[in-house]
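Engineer: Quick note on this note's numbering: the sequence shown kicks off at 1269 and runs consecutively.
Since the hints were made in silico from the structure, they are not lab data. It is possible that part of the hints are untrue.
[Said to hold, decoys possible] DSS-like mimics (lysine-lysine), calculated; alpha carbons at most 25 Å apart, straight line:
id	residue 1	residue 2
1	K1293	K1272
2	K1432	K1318
3	K1470	K1457
4	K1272	K1323
5	K1432	K1457
6	K1399	K1432
7	K1272	K1470
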Amino acid sequence: MTEKERMLAGKLYIADDKELAKDAKRSRRLTRLLNHSTEEESNLRVRLIKELFQKTGENIWIEPPFRCDYGCHISVGENFYANYDCIILDVCDVEIGDNVFLAPRVCIYTAGHPIDAGVRNTQLEFGKKVKIGNGVWIGGNTVVNPGVTIGDNVVIGSGSVVTKDIPSGVIAAGNPCRVIREITEEDRKYWEELAEEYRRNKEE
């Protein structure tokens, strides 16, 4: 196996590799262009995101600055939005569904390092895939750690450190992040009533 194949398979690997260096150089070039784009260059920004990522929906947006390791291991669905200072370390796949919104300074990490210092000092590292479902809101300054899966229709409170899987349909927060409660039918009705009030006021 090549170092890249080992990396994507979640095995120990060394990043000092020509193929990985080539992918990293491509990522640095595209993120540099993305981070220097302006609001008036929205079409350019979207094109750069689509070139950088493995897969995207049509309606996507990232507010610079943005950083990632490779980009080519990141997939996002429709209506993806990432606010300022998002960092995604994609040494393994990062799969993000539809209607996912990231507040400022959300960090998604797939990269891990050996606990033993002697092994770690040899530059060996590893990765674990991260998966985020549909309809997810992640609050500011949240860290999503390697190997985590977040279900559908989830709210992650700001400042959380997500170390374990989060099931669908819940509000979760904290360090470590844990489920606070389920999102209920009463929540839906409450917010739909406020949205309807907003629409009525707009029409007046």
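Engineer: Each hint: holds or not?
Structural biologist: How the hints compare with the structure:
1. K1293 with K1272: 15 Å, holds
2. K1432 with K1318: With Cα atoms ~29 Å apart, K1432 and K1318 exceed 25 Å; violated.
3. K1470 with K1457: 20 Å, holds
4. K1272 with K1323: This hinted pair holds, its Cα atoms lying about 19 Å apart.
5. K1432 with K1457: Since the Cα atoms of K1432 and K1457 sit roughly 30 Å apart, the hinted pair is violated (cutoff 25 Å).
6. K1399 with K1432: This hinted pair holds, its Cα atoms lying about 12 Å apart.
7. K1272 with K1470: Answer violated: K1272 to K1470 is near 53 Å, above 25 Å.
Consistency note: the structure conflicts with the earlier hints numbered 2, 5 and 7.
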